[in-house]
Amino acid sequence: MGPLIYSCDIIVYIGIFGIVCLSLNLEYGFAGLANFGKVAFFLTGAYTYALLSQIGLPFYLCLIASALISAIFGLLVSLPALRLRADYLAIAVLAFGEILRLIMKSEKWLAGGDWGMAVSPIFPYMGSYLLYRLENIGLVFLCLFLCFLVVQLLTNSPYGRAMRAIREDEVAAEALGKDRSRFKAQAFMLGSAMAGLAGGLYAQYLQYVLPGMFMPMVTFTVWIMVLLGGPANNWGVLLGATLVEIFDRGTNIVKDYIALPVDPSNLQYILFGALIIFVLLFRPRGLLKESAIRTKALRLAHNARRAVKNKGSQ
Amino acid sequence: MVDWLQVLFNSCVTGSLYLIAAVGLTLTYGLSKFPNFAHAEFMTLGAYVGYFIAEQLGLGMPLAFLFAFLVTGIVGFLFYRGIFQPLAKRGASIIHLMVASIALGFILRHSIGAACDWNPLYFTATWPAFDVGSVRVTGLWLQLIFTALALSLAMHFLLMNTKIGKAIRATSSNPELALASGINVDRVIWIIWFVGAGLAAVAGIFRGADTQVWPMTGWDMILPVFAVTILGGIGNFYGAIAAAFIIGLAENIGVVALIGLGLSTTYRIGIAFVILIITLIVKPQGLAMLFRRG
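Here the protein sequences come in this chain order: V and S.
Per the working numbering: the first sequence = residues 114 to 427.
Per the working numbering: the second sequence = residues 1258 to 1551.
Hints listed in this document are in silico derivations from the structure and should not be mistaken for laboratory results.
Worth double-checking, as some hints may not be accurate.
[Claimed, not checked] Cut-off 16 Å, straight-line C-alpha distance, at most; resulting in silico cross-link-like pairs (EDC-like, lysine to aspartate or glutamate):
{"no.": "1", "chain 1": "S", "residue 1": "K1290", "chain 2": "S", "residue 2": "E1433"}
{"no.": "2", "chain 1": "S", "residue 1": "K1423", "chain 2": "S", "residue 2": "D1443"}
{"no.": "3", "chain 1": "V", "residue 1": "K218", "chain 2": "S", "residue 2": "D1477"}
{"no.": "4", "chain 1": "S", "residue 1": "K1290", "chain 2": "V", "residue 2": "E283"}
{"no.": "5", "chain 1": "V", "residue 1": "K291", "chain 2": "V", "residue 2": "E281"}
My request is simple: use the sequences and hints to build the entire structure.
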């Protein structure tokens, strides 16, 4: 692969994982939910896309179905799990992801078991790998933009502020009449839908799905991206996704040029682990700090204060 | 025709394994207030150290158990002292601690993978197998059950009749009060992390000797071990004993049922998951109600 195609490949990955990061940011950053099973919904989306596109549904319907089915899974999981403490939720959802992968692995009639199944791409191969990637970049970043818009508007809205309030103090928020389990379930559902959409895009870009693609490491990578970039900051998590993806690919390139004493794929996991511990110890809020809330009322108040100040100085 | 005696015996074997593996997890979870996902890798590390001592150096199984216990115990202590304790002191949330434990697990697992390769290894030691009535028994399984029994008795004695046991129980139920009563809370937690990781290593060797040793040895077992911890009630040793045998029984009966239904037996691990979820929904405190003294 030439360097240009390679960079395009990285950009597609950044876009897909950017969407997953936004979804985790919605759940963890804003609503405070420890979703350790992100990969479960990513998997659901990917397999939904794979199975439906096989029937011959057009790709946009497949993508919508990926999001919807993941959202339904998210809702089903969240209904019992959200009443739980953070640690119980984490264990339950992590286990859910493992079970889902196990089902895909053992039910060979459904999606080929261990060997997975081929997925027809949205954009047929037109004789140029570069073109194929550019088309995908267009589609993925369109989806990323839509998701970003949704999350950004949502978290700035009164709804998003209630969500942050629940994250900070459940009891206080409940005392103010905010139904915490409803808010959490909705955040979880929307997050799962976005993860499912990303899964669908991932499946069609790679043109195959198999259970080995959906190891717990995927969830963990997304957590690194979010924690590194800065939870509760949508620009931050996109920055995190970019940095981690470049780091990931960078080590892959380096291994081609430098003979390492350690197997590079192992080394990568070790470095990721070390990176996250470093972030947690020395920069627990991530690179960018939590985004401030911007509303019309706040802006008016700010302007008014400045106006008063200016008056005083005259 | 299903031999129910064999199923019962197998349940005891499975339950014993899960008990040894879960003791450390449930006690560290109870004391440090977060689930340590790297517990899986303690088992893996133990299995590898055991394999190295018993197979590469040929020093025999007793020394393998001893060294695995010590080495993994020290690693467990260092993890707590070096990473988790500083994180907790800096006010990390439970979510941060969980992420850190997963990160440490990955570091450990892939360090092992880098050092020893990902191909599975097998213990060459053979175990005498014989039939008691219609029940197939191997020496390894008997050792496993015996170890679990000895561990239960020893832990019971330790928790109930010694000063350190009293300190553990006090710290577990109320750390501030324990500190105020002059208990060195930090030291209690260090000891528990050491012993808990060491016991995980013992479970890892048993699992490795029974099946195979590879970097995922511990992760393959972590789900039922978490189920035991939650069903038994976090930090509750007596609850864990009961839970380990309930889950052992459920898994072995479940395998019979799966074969009967014509489903893949890889779903065996799903049984623990179902119990885990039901416990969390119905009674998140687990069986702890039945064992208040623990």
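Taking the hints in turn, this is what the structure says about them:
no. : hint                 : verdict
1   : K1290(S) to E1433(S) : holds, 14 Å
2   : K1423(S) to D1443(S) : holds, 15 Å
3   : K218(V) to D1477(S)  : holds, 15 Å
4   : K1290(S) to E283(V)  : violated, 20 Å
5   : K291(V) to E281(V)   : holds, 13 Å
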